[in-house]
Amino acid sequence: MVVGTQLGYFALAAPALVLSALALVRYFAAPHVPLDGQLDALVSYAGALSVLVLVPADVWSALNRPDRAAVPDSGDRKVLGILWYVAYFFCFAAMFTTLPMHAEYLNRGERFWWQRAYQAIRVNLLFYAVCVVIGVVGFAALIIQGTLDLEGIVGFATGASNAFGLFLSLFLMGYGLVEIPKKAWRSANYAMRERLATHLVGVRAEELVKTHTELVTCVLITRHLKTYMRHGPGADHLLEVSDEAERDIEECGLSDAASRAMTMNDSYDDEDYDDDVGMARLHKRLKAARVAYSRALVRLPRAVKRALDMADRRAGQANGSWGARYEYTLPRAGRCSPDWCRQLEWAWKCRLQPVCARLGALALALLSATVVYSQVTLAAGCAQPNFSLFSAIVHYNQECDKPVWTPLLDALVLLPLTYICLSTLYGLFKVQIFSTYVLTKGASDGYSMLTCALLMCRLSSPIAYNFLRITCVDDGRCARFFEDACSAALTDDACAAAGTIEGQPGTVCTWDAANQTQPCFLPQNVADSWQTVFYENIGQQIDKAPLVGKDLNQYVPALLLLHVFLLVIGLYDRLCGICSPTQRFRFSHEDDAHEDRFMVQGRHTLREVRANLAEGAPWLAGLAGTGTAGGAAGAGMAGSGAGTRGDR
Numbered sequence: 001m002v003v004g005t006q007l008g009y010f011a012l013a014a015p016a017l018v019l020s021a022l023a024l025v026r027y028f029a030a031p032h033v034p035l036d037g038q039l040d041a042l043v044s045y046a047g048a049l050s051v052l053v054l055v056p057a058d059v060w061s062a063l064n065r066p067d068r069a070a071v072p073d074s075g076d077r078k079v080l081g082i083l084w085y086v087a088y089f090f091c092f093a094a095m096f097t098t099l100p101m102h103a104e105y106l107n108r109g110e111r112f113w114w115q116r117a118y119q120a121i122r123v124n125l126l127f128y129a130v131c132v133v134i135g136v137v138g139f140a141a142l143i144i145q146g147t148l149d150l151e152g153i154v155g156f157a158t159g160a161s162n163a164f165g166l167f168l169s170l171f172l173m174g175y176g177l178v179e180i181p182k183k184a185w186r187s188a189n190y191a192m193r194e195r196l197a198t199h200l201v202g203v204r205a206e207e208l209v210k211t212h213t214e215l216v217t218c219v220l221i222t223r224h225l226k227t228y229m230r231h232g233p234g235a236d237h238l239l240e241v242s243d244e245a246e247r248d249i250e251e252c253g254l255s256d257a258a259s260r261a262m263t264m265n266d267s268y269d270d271e272d273y274d275d276d277v278g279m280a281r282l283h284k285r286l287k288a289a290r291v292a293y294s295r296a297l298v299r300l301p302r303a304v305k306r307a308l309d310m311a312d313r314r315a316g317q318a319n320g321s322w323g324a325r326y327e328y329t330l331p332r333a334g335r336c337s338p339d340w341c342r343q344l345e346w347a348w349k350c351r352l353q354p355v356c357a358r359l360g361a362l363a364l365a366l367l368s369a370t371v372v373y374s375q376v377t378l379a380a381g382c383a384q385p386n387f388s389l390f391s392a393i394v395h396y397n398q399e400c401d402k403p404v405w406t407p408l409l410d411a412l413v414l415l416p417l418t419y420i421c422l423s424t425l426y427g428l429f430k431v432q433i434f435s436t437y438v439l440t441k442g443a444s445d446g447y448s449m450l451t452c453a454l455l456m457c458r459l460s461s462p463i464a465y466n467f468l469r470i471t472c473v474d475d476g477r478c479a480r481f482f483e484d485a486c487s488a489a490l491t492d493d494a495c496a497a498a499g500t501i502e503g504q505p506g507t508v509c510t511w512d513a514a515n516q517t518q519p520c521f522l523p524q525n526v527a528d529s530w531q532t533v534f535y536e537n538i539g540q541q542i543d544k545a546p547l548v549g550k551d552l553n554q555y556v557p558a559l560l561l562l563h564v565f566l567l568v569i570g571l572y573d574r575l576c577g578i579c580s581p582t583q584r585f586r587f588s589h590e591d592d593a594h595e596d597r598f599m600v601q602g603r604h605t606l607r608e609v610r611a612n613l614a615e616g617a618p619w620l621a622g623l624a625g626t627g628t629a630g631g632a633a634g635a636g637m638a639g640s641g642a643g644t645r646g647d648r
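Taking UniProt numbering, the leading residue of the sequence shown gets 1, the next gets one more, and so forth.
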């Protein structure tokens, strides 16, 4: 069994892991996400985040095992081996089977569940068939060239999978390492944040109108189809889709807008929906429109609140002095209202918080620079002298013949690993690769959540392997230390003393009097005990793989420095602006403070909100696309766009 200290560590870490995964699901999931989608995402998030639990335990097992002299009977390594295999192969299986198929299943529009399941399996099998053909051609080329043999196919496949995850994790990690300190630094500039928030209000307002238009368009199509599709293929499905559409607009408060759009519109979508395939396509479009509108309806109020809050902070910072009261625009029910409480709020928001934000940004920038430096020095290997700062932290005050305090070692491993994982996940949540998924607090659909879970499973093992490399845990320094100590012993007693570790029974050295050359030596299985279980079971296969093995994992991380530099100077945004005028692919939002149509729309929306507050009306009343009273402008825009295809 796992020894007491590590058992206590797992007793604390396992609940924290489950609670973190549950918090992610609760944070992102929209109310309409089915229970099976939430459970699948929960289990997948927990499996992907298990790297945060297993890596510190594995490092401790390699550096500070209490029974190193009895390696063949080591219980903690067996348990860690089982846990690593479960985590690794669960993530591997989930990202190729349950997650993509379940995500596609939730995104389909067929009538019956078995039809949606069949189409989800068919789409994924078609994709895998293409990948298999490409893989077979690649393997054949490598075998013909003599670079790869049949016995090394499994190792090469493992290495190739790790290489893909490494490139993706470095890409996302670099974004997080730059944006997290930058965002913390910008948070102290209330004037800039107000302009960015105003621009975002304009973006969200236009997004709401577009999604409102698309949802109403889908309703108009179903109503129009009901006028002539009484019988034939798709008629029964149409009734169900129509009922669902009517429920959606009723729940969203768009019934009046849809009625006005029906009377104002004399043309309908010309797509062919009059069969089962067409109805499945229409149902999928309706589901996408409902998700997009619900997301936009959540995003706009948040953007408005942020813009008004930034305006209040800027005004308080510019006009107030110590002892002033914090004045806010939006009414806040349940908040403290005494003067002393508002004075404290002013002191924190207008004076202390900007200073703390700048100090925090400097600390985060230093930590990001440390991560980049450690990735660059990985190219130099783990030979002495070792330039990796993370390696120096993990091996701080370590002596091979003395134990390391377990809580300190776990903390030294967990803290930098947590920042690396957070930076990667920040990039994953913010970049939203190729817009294939959109994550919004409380408004994310099941497809987006499962796609994100798939990518998290894809990244977990490469991050673990990369971190173990930059910490140089598997460099074998202690094994070499005891090999030298054992080989120098000339008697049985000296051999036993040379292999003694403080606080541990027995000796790691073995005496063989029949061996005249070197009677005292370190057994190979004991030497291997200074390696992590992950490296012993998985990492060695990756290192031995041709092309995608040790050299690639040693030198490619140095490219993170170039990637971070290009992000800092904004070159990616310039290239994306040239290649994608629609600004679909963006890495920074600093240019959002410039004047454009979104800034104008944002100011107009905020003026309407302030007018509503002054009149005592609901503060979002009358905004286009909200479905509230006075939202005729939104209805008119929806009616005029009823003949267009949806953005999705």
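No lab work stands behind these hints, which were simulated from the structure alone.
Hints are not guaranteed to be accurate.
[Claimed, not checked] Okay, derived cross-link-like pairs now, EDC-like style, lysine to aspartate or glutamate, Cα gap no bigger than 20 Å in a straight line:
1) Lys402 / Glu327
2) Lys402 / Glu250
3) Lys183 / Asp484
4) Lys550 / Glu536
5) Lys210 / Asp596
6) Lys284 / Glu250
7) Lys284 / Asp236
8) Lys284 / Asp274
9) Lys226 / Glu244
10) Lys284 / Asp36
11) Lys284 / Asp243
12) Lys550 / Asp243
13) Lys182 / Asp512
14) Lys544 / Asp475
15) Lys226 / Glu250
16) Lys402 / Glu483
17) Lys284 / Glu246
18) Lys544 / Glu244
19) Lys550 / Asp484
20) Lys550 / Glu240
21) Lys226 / Glu207
22) Lys550 / Asp474
23) Lys430 / Glu207
24) Lys78 / Asp474
25) Lys544 / Asp236
26) Lys183 / Glu327
27) Lys226 / Asp236
28) Lys441 / Asp309
29) Lys544 / Asp484
30) Lys305 / Glu502
31) Lys226 / Glu246
32) Lys402 / Asp339
33) Lys430 / Asp401
34) Lys349 / Asp339
35) Lys284 / Glu244
36) Lys284 / Asp339
37) Lys430 / Asp573
38) Lys441 / Glu207
Note that the structure is predicted; figures quoted are calculated from it, not measured.
Going down the list of hints, with the structure as the test:
no., hint, verdict
1, Lys402 / Glu327, "violated, 60 Å"
2, Lys402 / Glu250, "violated, 70 Å"
3, Lys183 / Asp484, "violated, 51 Å"
4, Lys550 / Glu536, "holds, 14 Å"
5, Lys210 / Asp596, "holds, 18 Å"
6, Lys284 / Glu250, "holds, 19 Å"
7, Lys284 / Asp236, "holds, 16 Å"
8, Lys284 / Asp274, "holds, 15 Å"
9, Lys226 / Glu244, "holds, 13 Å"
10, Lys284 / Asp36, "holds, 19 Å"
11, Lys284 / Asp243, "holds, 14 Å"
12, Lys550 / Asp243, "violated, 58 Å"
13, Lys182 / Asp512, "violated, 61 Å"
14, Lys544 / Asp475, "holds, 16 Å"
15, Lys226 / Glu250, "holds, 18 Å"
16, Lys402 / Glu483, "holds, 16 Å"
17, Lys284 / Glu246, "holds, 15 Å"
18, Lys544 / Glu244, "violated, 55 Å"
19, Lys550 / Asp484, "violated, 26 Å"
20, Lys550 / Glu240, "violated, 56 Å"
21, Lys226 / Glu207, "violated, 29 Å"
22, Lys550 / Asp474, "holds, 13 Å"
23, Lys430 / Glu207, "holds, 18 Å"
24, Lys78 / Asp474, "holds, 18 Å"
25, Lys544 / Asp236, "violated, 58 Å"
26, Lys183 / Glu327, "violated, 25 Å"
27, Lys226 / Asp236, "holds, 10 Å"
28, Lys441 / Asp309, "holds, 19 Å"
29, Lys544 / Asp484, "violated, 27 Å"
30, Lys305 / Glu502, "violated, 60 Å"
31, Lys226 / Glu246, "holds, 13 Å"
32, Lys402 / Asp339, "violated, 59 Å"
33, Lys430 / Asp401, "violated, 46 Å"
34, Lys349 / Asp339, "holds, 15 Å"
35, Lys284 / Glu244, "holds, 12 Å"
36, Lys284 / Asp339, "violated, 54 Å"
37, Lys430 / Asp573, "holds, 15 Å"
38, Lys441 / Glu207, "holds, 17 Å"
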